[in-house]
Structure formats: structure tokens, C-alpha cells
Amino acid sequence: MSGAEYILQVQGLAKRYPSSSGSPAVPVFENVDFTIARGEFVCIIGHSGCGKTTILNVLAGLESASSGFVFMDGREVNGPGLERGVVFQGHALMPWMTVLGNVAFAVRSRWPDWSKAKVEAHCRRFIELVGLAGAEHKKPAELSGGMKQRVGIARAFSIEPKMLLLDEPFGALDALTRGVIQDELVRICAATNQSVFMITHDVDEAILLADRILLMSNGPRARIAEIVRNTLPRDRTRLTIHHDPQFYRIRNHLVDFLVHRSKLIQQGGADPSSAAASGPIEVSPGLLSDGAADVPADVPADLRMADDIALDVPIHHPLSANS
Amino acid sequence: MSLGLRSTLLSLLLLALLLGIYHVATAPSGGSVAGGGANDEYAKLMGKAAGATKSDGMPTLSQMGESALKHLSAPFYDNGPNDKGIGIQVAHSLGRVGLGFFLAAVVAIPLGFLIGMSPLLHGALNPFTQVLKPITPLAWMPIALYTIKDSSASGIFVIFICSIWPMLINTAFGVASVRRDWLNVARTLEVGPVRRAFEVILPAAAPTILTGMRISMGIAWLVIVAAEMLVGGTGIGYFVWNEWNNLSITNVMFAILLIGVVGMLLDLVFARLQHLVTWRE
Numbered sequence: 000m001s002g003a004e005y006i007l008q009v010q011g012l013a014k015r016y017p018s019s020s021g022s023p024a025v026p027v028f029e030n031v032d033f034t035i036a037r038g039e040f041v042c043i044i045g046h047s048g049c050g051k052t053t054i055l056n057v058l059a060g061l062e063s064a065s066s067g068f069v070f071m072d073g074r075e076v077n078g079p080g081l082e083r084g085v086v087f088q089g090h091a092l093m094p095w096m097t098v099l100g101n102v103a104f105a106v107r108s109r110w111p112d113w114s115k116a117k118v119e120a121h122c123r124r125f126i127e128l129v130g131l132a133g134a135e136h137k138k139p140a141e142l143s144g145g146m147k148q149r150v151g152i153a154r155a156f157s158i159e160p161k162m163l164l165l166d167e168p169f170g171a172l173d174a175l176t177r178g179v180i181q182d183e184l185v186r187i188c189a190a191t192n193q194s195v196f197m198i199t200h201d202v203d204e205a206i207l208l209a210d211r212i213l214l215m216s217n218g219p220r221a222r223i224a225e226i227v228r229n230t231l232p233r234d235r236t237r238l239t240i241h242h243d244p245q246f247y248r249i250r251n252h253l254v255d256f257l258v259h260r261s262k263l264i265q266q267g268g269a270d271p272s273s274a275a276a277s278g279p280i281e282v283s284p285g286l287l288s289d290g291a292a293d294v295p296a297d298v299p300a301d302l303r304m305a306d307d308i309a310l311d312v313p314i315h316h317p318l319s320a321n322s
Numbered sequence: 000m001s002l003g004l005r006s007t008l009l010s011l012l013l014l015a016l017l018l019g020i021y022h023v024a025t026a027p028s029g030g031s032v033a034g035g036g037a038n039d040e041y042a043k044l045m046g047k048a049a050g051a052t053k054s055d056g057m058p059t060l061s062q063m064g065e066s067a068l069k070h071l072s073a074p075f076y077d078n079g080p081n082d083k084g085i086g087i088q089v090a091h092s093l094g095r096v097g098l099g100f101f102l103a104a105v106v107a108i109p110l111g112f113l114i115g116m117s118p119l120l121h122g123a124l125n126p127f128t129q130v131l132k133p134i135t136p137l138a139w140m141p142i143a144l145y146t147i148k149d150s151s152a153s154g155i156f157v158i159f160i161c162s163i164w165p166m167l168i169n170t171a172f173g174v175a176s177v178r179r180d181w182l183n184v185a186r187t188l189e190v191g192p193v194r195r196a197f198e199v200i201l202p203a204a205a206p207t208i209l210t211g212m213r214i215s216m217g218i219a220w221l222v223i224v225a226a227e228m229l230v231g232g233t234g235i236g237y238f239v240w241n242e243w244n245n246l247s248i249t250n251v252m253f254a255i256l257l258i259g260v261v262g263m264l265l266d267l268v269f270a271r272l273q274h275l276v277t278w279r280e
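For the protein sequence lines, the chains are A and B, in the order given. Residue numbering for the first sequence follows numbering that gives the first Met the number 0, beginning at 0 and increasing consecutively. Residue numbering for the second sequence follows numbering that gives the first Met the number 0, beginning at 0 and increasing consecutively.
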């Protein structure tokens, strides 16, 4: 594997926290291996406590792993850096700065010798990109949750990173706002050919945004159990995605994993489709020919609507009237 | 009627009630002045002949008003060491408080910053602050007089030592509790230590630091009166002590009210500063 085609390579990552009783530490996750190609959008899904955020923090350089390596563009990651833009779960805006101030804080870090005017023009471009033109001089306290998260996205994009790391960026938003910002993210990522690593709990969000979806088994001893290739065409949109039969095959596969298999794998590797030693297998449940990993068509109704995610397919979305 | 208006009205009513009670309590009781002959003799000996203004006991409201008018009409006269205008006395006190407080801020805020950033320093210095903090500021006075050998500078030192603790402790606390997320943002942006200190930590901790400064200023103003009573010379505390030695309760009462009003104004200034640096989420 050469570094040329992959922007990010993760090898044998593990994290152990020392246990209080003095017994050997049980890893939260171990043997985590994956790669992200240039311009690829990768989502990671798993239950709480499987270490998703820790993995993202290791990629961001904010935390160190107990073992394993992360290479970015062929160079080892061992600290935070400006080539990786991070969007934090709780937006993490500085409340004493305006929208412009928050973005400018990042831009001045990236290009310290830029003039004030140049910094401002650059910031305004990205504030406009996330649809917040006119709110430049507002403080975060005056913005809604969705607007705050957009500022967080503008701040991460404004430093023009080689790679974007998103920690459940839409988790705290209502379904409508989430949909609108998802569309924007798709648009911006496509326009800039951005490589993205994103944590999400939302199956539909993952299918809409991701080229590949990493499925993590439950922790402790979590690992990447399976990699699902999203075979839907890349020009998919939120409004039409659910018309494609592939969508339901992928969705059922993911929900089935989260509801049943993620637990089984943790308990004793009862899942025959992936073996711990050989690393995660890559499946394409969207394609009919790949029958082995597919979920039967007669999945019970309660599994299809397994949780609140059903809300996130806005069939009667107000915007659909305009498009 | 708005709540503000109603509470103002109630305040005024309470004030009128208190003044009324005070007036009744201090009203001259005519009988004792026009007493028997023997008492007249005695009174004369004591310099309090009948007909002289009644100066024993608490002053009446009109005497208080007269005294206040007299002081406020000429606040800045200077007739030698024991007879200065009230404005000059207050200015001396404010000068000492200002200087002592400023020196304390110069030491406490940077030191508090370091303590807040470094758990090691926090652990190492904590026993010292815990022991030094509860010491009554005036207990330092003999040491200050002995080492500094200057009464005015000793007063400033006492203000310094009493102002330093709330600022130190609040600054350290404010800096230590800056949200992890904000520091992580700065880390991912490779922000250097100076920019991080001034653009992230300082504004994040500013409301807590200002709270500490406000508490310090309150304590400093409490302590200056007592300190000036001890060291003498000038200042509102010395004025109170001097007027007590003159047995002029009227002037003492006036000074007490003035101390309260100046203290309130100082607090208002810091409340305004606090408001300026406070951020909402």
C-alpha cells in the first residue's frame, strides 16, 4: 500500500484505559485498520462506548492511541495539525467572538501573515458558503443550534484542510435543520473534493453522505466488524434517495447490524461473516448479487422502523415543493 | 406600576421611616438642659453651659445635614495636618486602595494564570494560599511597619495583601475551568501559547477574574478604613479616628455614610466592567 492513493491510513489502532483494580486494561477498541482515499467520504457507525470519538480524536491528534499508527499523506500523525479540520460535537464556538471572529480565529492561525482585509474576505466567503451571510457580526448566543453548527463547519472548511473530521456534527439538531445542513455538506464536499471522516448515529445520514460506512462492534474490545460500500450513485439527494431500491437494502443491512450483530460480535465472534484476525470484510449490500450479506426482504416492520431514524426520511419535506 | 418603581417607592418609604425613628430618638429632651443650679455649675465646668448647642449624645438630623453641607461645600481645603477637606481625605484613601489593588492585580492575575494552567503549580502553591488567605490583613501591619518603616507604604501593603487572594484564587479557578472544547479548537488550529492565553483563555476566564477583582476591591475598601485608623496621617479612616478624638459624632456619622457611598460606587464600577466581559452562550 503506497501513500499516494490514500490520504489516511490507520493500522492496528487500540486504546486501553488503565483499570482501577490493577488488572490488565481491557481495550475499548483494538485492531482498528482502515484507509480513506482522496476525496472519499467515510462514516463510522457504532453504539455508544465503542470508541468512535476516541478514534476521531486520535486522527485529530488530540488523544494518543495505546498502540497502532495513523498516517496522513504518508506521514505519521502524532499531534494536532492545520491540515485536519475538526468539527466538534458541541460546535465549540467561542461565545465572546462574533461569527466572523470565530472563523477569523481559524484563518489567522492558518495564514498568520495575511492582512486583516484578506482574512475578512476569506472568512466571508466561507460564511456565505454555509448560508450565513448577514450574520457575520452576531454572537453565537444569538444563533440557533443549526446556525452555530454551520459556523463550526465554516470554521473547519475555512482553513482549507486536506481532510475533515466530523464528530456527530448534526446530533443535536432537529430533523429538518439536519437535512438542510446535510445537503449543504454534500454540496461543499463535492465542490472541494474534500476527504471526510465522520461519526454518526444516523443510518440515513450515513447512506446519504458516505461512500463507505465503517461498522463498529460494541465495546469493550470493539473493532471495525465490517465495511459497507455505498453502491448508490454519488449524485444521490435527500429527496430522491429513498426511491432507489438499493437504499432499503443498505439501510436494512445497517440497522440489522446495529440491532443484532454488533452485540453478537462482541460477545464471542458468533458472526461468521467476519473474522477478527483477518480484518474487516467489505460488503456491498446494495447490490442484489451480493446475496450472502444481504438481509431478507421480509424484514419485520419493527426492524425497518427500528428507531427514530425513520423520522429522518422527510418524504413531505417543506423544501420539496421548491425543488 | 413596574416592579422597579414599586421597589424604589418602598425604599424611599423605609428611608423616611428610619429617619423618623432616628429623629424621635435623638430629639433634645428639654428638661435636662434647664436643670438645677448645681447641675448648671457642673455643666459649665464641663464646657456645656445651658444655651450652648447640645453636643453630647447622637446628633440630630438637622445637625447631620448641616455638617454634611459644610463638608461637601468645601471638600478640598487644606488647613494643615489635622484639618483637611473631606474630599482630600477620600482621595488619599482611594489613592492607597488604588495603588495596593493595582499591585495586587499585577501579581495575582499572572500568577493565577500560571496556577490555573499547571496542576503542578496549583498543588505546590495551594498550601501557601490556604494558610495566608485567612490571615486578617491588619495582622500584617506590625510586620509591614517594622520592615517598610513608612506608615503610608504600610497601609498600601496591607491593601495589597488583602486584595491579592480573591484575585489569585478566582483567576486560577477561571483559567483551570476553561472549556476543554475551546482548548481543543486552539490545539487543532496549532495556536501558539501567547495567542492561546490572550485570545482563548483570558476572554473565557475574564468573567471569573473580574468577579475576583470585585470581591478584592470590596475587601480593600473595608480594610483601608481600619488601616488608616492605625497608621494615621491622612485618609477617611484617619478622619473618623480624629473626629472621634474630637468627640464629634456628627462628623463620624457623616464619614460613615460617605464610606458607604464610595464603596457602593466602587462596586458599581466593577459591576459594569464585569458586565462588559461577560459572555452568554
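What the hints contain is simulated information worked out from the structure, not anything from laboratory work. Predicted, not measured: the structure shown is a model, and the values here were computed from it. Incorrect hints may appear among the rest.
As the list claims (entries may be wrong) - Capping the alpha-carbon separation at 20 Å, the derived lysine to aspartate or glutamate pairs in EDC-like fashion look like this:
| no. | chain 1 | residue 1 | chain 2 | residue 2 |
| --- | --- | --- | --- | --- |
| 1 | B | Lys69 | B | Asp82 |
| 2 | A | Lys117 | A | Glu135 |
| 3 | A | Lys117 | A | Glu159 |
| 4 | A | Lys115 | B | Glu242 |
| 5 | A | Lys161 | A | Asp243 |
| 6 | A | Lys137 | B | Glu189 |
| 7 | A | Lys117 | A | Glu127 |
| 8 | A | Lys138 | B | Glu189 |
| 9 | A | Lys161 | A | Asp72 |
| 10 | A | Lys138 | B | Glu280 |
| 11 | A | Lys115 | A | Glu135 |
| 12 | A | Lys138 | A | Glu159 |
| 13 | A | Lys161 | A | Glu75 |
| 14 | A | Lys137 | B | Glu198 |
| 15 | A | Lys161 | A | Asp210 |
| 16 | A | Lys161 | B | Glu198 |
| 17 | A | Lys138 | B | Asp180 |
| 18 | A | Lys115 | A | Glu75 |
| 19 | A | Lys161 | A | Glu82 |
| 20 | A | Lys137 | A | Glu127 |
| 21 | B | Lys69 | B | Glu242 |
What the hints assert, rightly or not - Derived list of chain A stretches under chain B, where covered just means 3 residues or more per stretch with a C-beta under 8 Å from a C-beta of chain B:
| no. | stretch |
| --- | --- |
| 22 | 37-51 |
| 23 | 55-62 |
| 24 | 102-111 |
| 25 | 134-140 |
We put the CB at the ideal spot given by N, CA and C, even for glycine.
Do the hints match the structure? See the list:
1. B:Lys69 to B:Asp82: holds, 13 Å
2. A:Lys117 to A:Glu135: holds, 15 Å
3. A:Lys117 to A:Glu159: Holds, at roughly 15 Å.
4. A:Lys115 to B:Glu242: violated, 61 Å
5. A:Lys161 to A:Asp243: Measuring from Cα to Cα gives roughly 32 Å; hence the hint is violated.
6. A:Lys137 to B:Glu189: violated, 25 Å
7. A:Lys117 to A:Glu127: holds, 15 Å
8. A:Lys138 to B:Glu189: violated, 24 Å
9. A:Lys161 to A:Asp72: holds, 9 Å
10. A:Lys138 to B:Glu280: The given pair, whose Cα atoms are some 9 Å apart, holds under the 20 Å limit.
11. A:Lys115 to A:Glu135: holds, 15 Å
12. A:Lys138 to A:Glu159: violated, 24 Å
13. A:Lys161 to A:Glu75: holds, 15 Å
14. A:Lys137 to B:Glu198: holds, 18 Å
15. A:Lys161 to A:Asp210: holds, 17 Å
16. A:Lys161 to B:Glu198: Violated: Lys161 of chain A and Glu198 of chain B sit about 26 Å apart, past 20 Å.
17. A:Lys138 to B:Asp180: holds, 18 Å
18. A:Lys115 to A:Glu75: Status violated; Cα separation ~34 Å.
19. A:Lys161 to A:Glu82: holds, 5 Å
20. A:Lys137 to A:Glu127: holds, 14 Å
21. B:Lys69 to B:Glu242: Holds - the C-alpha atoms of Glu242 of chain B and Lys69 of chain B are around 15 Å apart, at most 20 Å.
22. 37-51: violated (count 0)
23. 55-62: As far as the stretch 55-62 of chain A goes, the hint holds, because 3 residues have Cβ atoms under 8 Å from chain B.
24. 102-111: holds (count 4)
25. 134-140: holds (count 3)
When the structure is compared with the earlier hints, violations turn up for hints 4, 5, 6, 8, 12, 16, 18 and 22 and for no others.
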